[in-house]
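Enquirer: For reference, the chains in residue letters:
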Amino acid sequence: MALAGRTAMRWARLRSPCPAAAPPCLPPWLPAGPVACERLYSSRGKEKIDMSTYPVESIRNFSIIAHVDHGKSTLADRLLEITGTIAKTDRNKQVLDKLQVERERGITVKAQSASLFYNHEGVNYLLNLIDTPGHVDFSYEVSRSLSACQGVILVVDANEGIQAQTVANFYLAFEAQLAIIPVINKIDLKNADPERVEKQIEKLFDIPIDECVRISAKQGTNVEKVLQKVIEKIPPPQCTTADPLKALVFDSTFDHYRGVIANIALFGGEIEKGHKIVSAHTKKRYEVNEVGILTPNEQPTHKLYAGQVGYLIAGMKEVTEAQIGDTLFLYKQPVEPLPGFKSAKPMVFAGMYPVDQTEYNNLKSALERLTLNDSSVTVHRDSSLALGAGWRLGFLGLLHMDVFNQRLEQEYNMSVILTAPTVPYKAILSSAKLIKEYGKAEITIINPAQFPDKLSVSEYLEPTVLGTIVTPHEYIGKIIALCQDRRAVQKDMLYIDEHRVMLKYLLPLNEIVVDFYDALKSLSSGYASFDYEDAGYQAADLIKMDILLNGNPVEELATVIHNDKAYATGKFLCERLKDAIPRQLFEIAIQAAIGKKIIARETLKAYKKNVVAKCYGGDITRRMKLLKRQAEGKKLMRKIGNVEVPRDAFIRVLKRQTDK
Amino acid sequence: APCPQWPYCRKRCSYCSFNKYVVPAVDEAAVRACLVREARTLLRLSQVHSVTSVFFGGGTPSLATPRTIAAVLEAVAGAAHLPDGAEVTLEANPGSAGTPRLAGFRAAGVNRLSIGVQVRGAAPRPVPCSPPMPPAATVLPPQSLDDAELQLLGREHTAAEARAAVEAARRLFPGRTSLDLLFGLPGQSRGAWARGLEAALGLCDDHISLYQLTLERGTALAAKVWGGALPTPSQDLLADMYQAARTTLVAAGFRHYEVSNFARKGALSTHNLSYWRAEQYIGVGPGAHGRFVPRGEGSRSREARIQTLEPDAWMREVQSQGHGTRRRAVLSPLEQLEEVLALGLRTDEGVTQERWGHFSPHLSLEAAFGAPGEAAELQRQGWLVLDSRGLRCTWEGLAVLDSLLPDLLCQLQRR
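Residue numbers (the working numbering), protein chains in the order written: chain G, 1 to 660; chain Z, 1 to 415.
What the hints contain is simulated information worked out from the structure, not anything from laboratory work.
Do not rely on the hints blindly, as some may be mistaken.
To be verified - Which residues of chain Z face chain G? A few of them, derived with a C-beta cut under 8 Å, are: (1) Tyr275; (2) Tyr281; (3) Gly283; (4) Arg291; (5) Gln336; (6) Glu338; (7) Val400; (8) Leu401.
Even for Gly, the Cβ is constructed at its ideal location relative to N, Cα and C.
Based on the sequences and whatever the hints tell you, model everything.
Expert: Here is the structure:
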């Protein structure tokens, strides 16, 4: 089912009973009294709201940022309830997290926003809650969402304290010069220790202890106070309707019936149906069909004014036409685009293949539909002799890849083979011939087959990240050992209180793409948290390693790795392959090689006996079935020299380990 | 060759996954009547004129009374010609094969015994019954002559009983007693197997079947091995045991005429050869398999047939419609050739030109396998031989036949 359709259904369910008590401040589209309840269920056919009654001074634009599971979504639910945006029921759980994967993992992937109406000391305020993805894989999206805000609520768990993601999120907000309201959540928990967390916040973020608000979002304790702080501490947006239209696209979704719905924040001017607008990035022209606010589903309005946040539908056919960070302006009234726009840059690549080639077209259409909503995934057709036709996908990070894969499975019922992730390496070419061929001296290597020889390269480069680890101090020893094993360089180490340490490491990205997070979690019994941000490229001693079967290279198993890791990786691949290839009539040498040098070897012995003992009349039918299946299997085997390798052997070797 | 099944056992052996039933009391008269009726129905359906062998399998057919065996044989003889010399084998369990009982079976018409020394042995193999072949009875396998091994296998007899049973059988069926042996038992060493084989050679008659123990899902033994309570013998150890046994038996004058079967003085099992030569056989009794052309219905096509598995249901079906055939499927010409190949190559004679020609009048063996392709490559590597006699495995090839067959089937399917 299309995402939009599902979402609408869930909303219908969530909102069906009429609110039992009238909210303190009714949203303007909701006349008092139960008669209006029906209208809640649909955004269509409603009277449009006049947004001009909310001047800039009464507007607050803010985000909630938090480490995973610290209660961001629960707080959002409460804010929506208190302001009467949604009915108060005990079913409001993670209302803004619409995707199944978001609810299961407790993360936000696709940001949802909501406009809240709140009366404070006699003034009607428009509070725009701009949700952000909770993970730095999506740090660009986060930064764009934050650029539509003037402040943030920084939520920290009263029990767990500051975690790696808290730190990363704080700095994003801090660098954007936003007002920060620290909120200590879950004070109702038995082990809550808000004093300790307040001290951490003071030490690490330099925020006075008395500015922290202690709440329990689950029980609603002190949540009103948070709203008051939002009004008091966060400044209204600095802009005016007198300026020409300047709208930031901070998110976009795709609706099968209406096309692209772009979430926008107005930094100047106003916008309404019929306006002709232009994208600063694509220079394409559109006519506005509809504008409105998100409550959190779409609620059409006559206009949107400077300082306000809402959505726009303007006949855009693909999400790539409404790229996050783009600026929209009125036709013939160009403005200086808002700073900070960049196209999504994939940092982790993986091959994706249908489990069964007959599923290729279904998977293709599922991919197309899913990428409609996620323009940050890059898709290139690829094929493998072993796995058939498929794609090479680029993701913003590991979580992004996991989430994408999970959404394919959950929303499109597709199961796929995902190969071990790789990162984009670079090479600085020294050979004039190659430079001419590529038209540039620096090339990016995604496929090991394109790895240029050392002789024509002056330097290889690998992507790095700056990782933040927050851990109880008893695990430091193990974590430092893990980081050293992953070629990491320590940049910082700071006790954030008596028990917790924050470590900063510069890590090669390829060292964390496969199992770093799992290793960290398991050696710290789940207590250490990890987050990372892009830290550019660094020189690296890279080599291409081939896997040979009886001397013949297996193209799909070639890998680019760091010299220090060649032996261990080669040995590991050979061992896995040995377990995955069935014995044959002759001995098979499985080798890892760098150039002509063999660095690891496993030997798969020949069959000495392979014949079923008993075969009489009764066994024949079953026996023939098995033989025929084996004969069919032969046809699908990949022949490397004289060695027959079943497809699932490649799958077992290439697949990510976590899927074992 | 009809293959009547007696599906009942006194106890469950730890390694056996055959269709067998351990029940407190068997209504033998009812089972007998049904075996007789089904044998009659199916023989008529096949329009077989002469039966070359009858094989009583199980279960443990030696638990049936000689009267039942006699009744089935009478029925066979009544529905088709059963020549005097036709092989009639009964599988026997040492625990149910005392001399008087064996004498009773001989009087009933059994002329060959297959004794499972270790193991219950033959479970309900489909009772093959092939038209141009007579029914045979075999003796149930002894399988081991070591008490500890017997206990491991859950056999109810001791080694001494097994010995006594074999000796009794040889006196009654001289030259026509077959011994079943198992190797590759958990924990069994090369030495222990060599000694077991020597002991078997000292005891045996002119036919030995030896089987690598196959762990079958759902058996107590498999559960123990897979659960880690018992060791798994390595592939190399099993291969060594097999090679040692082949060499020893051939040195003792046995012909290695099938993957797991050895005979001297021409004491080959006529009945089992009929399976490997893809002749016709009629399965009678619960869970029995058959391969024959139901000419009685006017059909010209060979069919694969299976009788209803569960004895009570099978009996009800026989009582109401004369037979308990649960499934029948026409075998396509290609499927028949695939069976000819997969079964024939298990024997030392292989697939003869004549046998192949019978099933494939238009595509000769040379045309199918002589051209460059998988068979030629396997021949070059020394696993196969294709000549004027036919297509067969070399000594080395026989031990790895299951690695050759998928290639040969691929080549055949392209034709």
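Enquirer: Look at each hint and say if it fits the structure.
Expert: Hint check results:
At its closest, the beta carbon of Tyr275 (chain Z) sits 5 Å from a beta carbon of chain G; the interface hint therefore holds under the 8 Å criterion. Taken as an interface hint, Tyr281 (chain Z) checks out: its beta carbon lies about 5 Å from the nearest beta carbon of chain G, inside 8 Å. With 8 Å as the threshold, the beta carbon of Gly283 (chain Z) comes within range of chain G, its nearest partner Cβ sitting at about 7 Å, so the hint holds. Taken as an interface hint, Arg291 (chain Z) checks out: its beta carbon lies about 7 Å from the nearest beta carbon of chain G, inside 8 Å.
Because the beta carbon of Gln336 (chain Z) sits about 10 Å from the nearest beta carbon in chain G, more than 8 Å, this interface hint is broken. Against a cut-off of 8 Å between C-beta atoms, the interface hint on Glu338 (chain Z) holds, since the closest Cβ of chain G lies about 6 Å away. The closest approach between the C-beta of Val400 (chain Z) and any C-beta of chain G is roughly 5 Å, which is under the 8 Å cut-off, so the hint is satisfied. Interface hint at Leu401 (chain Z): satisfied, since its Cβ lies 4 Å from the closest Cβ of chain G, which is below the 8 Å cut-off.
The structure shown violates just one earlier hint, number 5.
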